[in-house]
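Asks: Each residue of the sequence shown is one higher than the one before, starting from 1 at the first, in my numbering.
Hints are not guaranteed to be accurate.
Stated by the list, open to error - 20 angstroms max Cα-Cα, derived EDC-like pairs, lysine to aspartate or glutamate:
id, residue 1, residue 2
1, LYS154, GLU114
2, LYS154, ASP102
3, LYS154, ASP210
4, LYS154, GLU194
No wet-lab data here; the hints were simulated from the structure.
Because the structure is a prediction, the values reported are computed rather than measured.
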Amino acid sequence: MPDRIDAIAAAAVDVARQAAIVEAGPNQVGDHLGAIREGERLVTHFFACLHPGYVGWHWAVTLARASRARTATVDDVVLLPGNEALLAPRWVPWSERIAPGDVGPGMLMATPPEDPRLDPGYSAGSDPKTPEEAIEIRAVVRELGLGRMRVLSKEGRELACERWLSTHGPDTAEARQAPAPCASCGYFIRLRGELGAAFGACANTYSSSDGHVVSIDHGCGAHSDVVEDRRGVELPPLLWDDSADTHEAMASVFE
């Protein structure tokens with residue numbers, strides 16, 4: 001039968017076990033878990049892995065037998081995960097793994113060459129195709145005072161607006177309880193350009209939004225129009241005034 005497992009290779013359990021021990025080291029190879037046919041005169045034996053760091057894994061030792069040979073020889077030894085093995089999470093490239101706020105002091109983050117959030121900040125000519133062309137363009141831009149090499153694209157502005165609205169927009173709990181919107185606050189500094197139509201920066205040191213970009217319809221309890229009698233927490237009406245009794249008792253002590 002063409003699919004029949006090779007009897008000599010299948011019976012060579014000790015040969016396979018010794019090969020696994022040589023690879024894994026002493027006391028690392030457990031019970032024989034079975035064998036499967038990989039091909040003509042090719043059999044793989046499986047042994048339990050006893051290493052505490054590889055729970056659920058097993059050793060796979062493949063034996064091969066040459067035509068008309070009476071013994072099998074070792075072809076390969078590998079450690080493989082089983083169905084219940086603990087596996088490392090899928091590897092994610094650094095460019096996809098970086099998250100907002102991950103760049104700290106002394107760290108550099110390269111801008112992707114085709115970043116959709118940016119557009120060329122100069123006019124005339126095509127985008128640089130090589131580092132040499134980019135250096136030449138930077139030199140011309142700097143000499144002529146044309147500004148920056150790259151500026152925010154339409155997509156970049158839209159993404160920024162979405163982030164700012166999610167953290168300092170009108171739908172936050174702080175904004176819903178605010179006495180007035182940021183647009184009417186004396187600490188509100190409006191942005192320049194088209195983003196200034198909807199956003200500005202907070203300059204109130206007592207506000208949780210201080211130093212952040214906020215929408216014009218955002219708000220907080222530190223609004224500049226909050227007068228002294230409205231500050232603090234509103235207290236319920238007084239039910240009993242015992243201040244007079246307290247003063248009389250203190251006066252009797254010092255008589």
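Asks: Indicate, hint by hint, whether the structure satisfies it.
Replies: Evaluation of the provided hints:
As the CA atoms of LYS154 and GLU114 are separated by approximately 14 angstroms, the hinted pair is consistent with the 20 angstroms bound. Straight-line distance between C-alpha atoms of LYS154 and ASP102 comes to about 24 angstroms, which puts the hinted pair past the 20 angstroms bound. For the hint pairing LYS154 with ASP210, the CA-to-CA distance comes to about 27 angstroms; that exceeds 20 angstroms, so the pair is violated. For the proposed pair LYS154 and GLU194, the alpha carbon gap of about 11 angstroms is at most 20 angstroms, so the pair holds.
Violated hints, listed in ascending order, are 2, 3; each of the other numbered hints is respected by the structure.
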